[in-house]
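Starting from the known structure of chain A, fit chain B onto it as the hints suggest.
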Amino acid sequence: MKWTKPKAVEIRC
Amino acid sequence: MTPATVPHLPRGVRLHHDRVRGTMVLLAPERALMLDEVGAAILGRVDGAAEVGQIAESLAQEYDAPLAEVSADVAEFLSDLARERLVDLHG
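Quick mapping for you: the protein sequence lines, in order, are chains A and B.
When we follow the working numbering, the leftmost residue of the first sequence carries the number 30, and every step to the right adds one.
When we follow the working numbering, the leftmost residue of the second sequence carries the number 5, and every step to the right adds one.
Looking at chain A on its own, in the form it has when it is part of the complex (with noise of 0.2 angstroms):
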């Protein structure tokens, strides 16, 4: 698995 920058989603109602 290739690094990259790394995410967070807010989940939404």
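No incorrect hints appear here.
DEER-style ranges, computed between Cβ atoms: (1) B/33 - A/31: 31 to 37 angstroms; (2) A/39 - B/71: 28 to 34 angstroms; (3) A/34 - B/9: 15 to 21 angstroms; (4) B/51 - A/36: 20 to 26 angstroms; (5) A/31 - B/15: 31 to 37 angstroms; (6) A/40 - B/48: 16 to 22 angstroms; (7) B/7 - A/34: 18 to 24 angstroms; (8) A/39 - B/48: 15 to 21 angstroms; (9) A/30 - B/55: 22 to 28 angstroms; (10) B/89 - A/31: 26 to 32 angstroms; (11) B/72 - A/40: 30 to 36 angstroms.
Residues of chain B clear of chain A, computed beta-carbon distances all greater than 10 angstroms: (12) 8; (13) 12; (14) 23; (15) 62; (16) 93.
Here are a few chain B residues that face chain A, going by a calculated C-beta distance under 7 angstroms: (17) 36; (18) 37; (19) 38; (20) 39; (21) 40; (22) 42; (23) 43; (24) 46; (25) 67; (26) 69; (27) 77.
Source of the hints: derived by calculation from the structure; they are not laboratory data.
It should be emphasised that the depicted structure is a prediction, and the values quoted were computed from it without experimental measurement.
C-beta: ideal position from N, C-alpha, C; glycine also.
Below, chain B alone, put in the same frame as chain A:
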């Protein structure tokens, strides 16, 4: 934040495997964030004992990626989450 900073998840914030989506999510009171693989790998190492520098070194080794790039991305990611009070950087 310095490489010696020891991040930890605040009370009420935890990592959770969402079986429906097959992804890791960061759960906080009234909030949930879907994590990609790298984000989950970072937060999976946030145990209240590991320093930011150690987390970055471990990931750079695992992903065979340049330490400078990994360190910068880890610091930015944790800073963003700390701003949202989803990670605590202050002991």
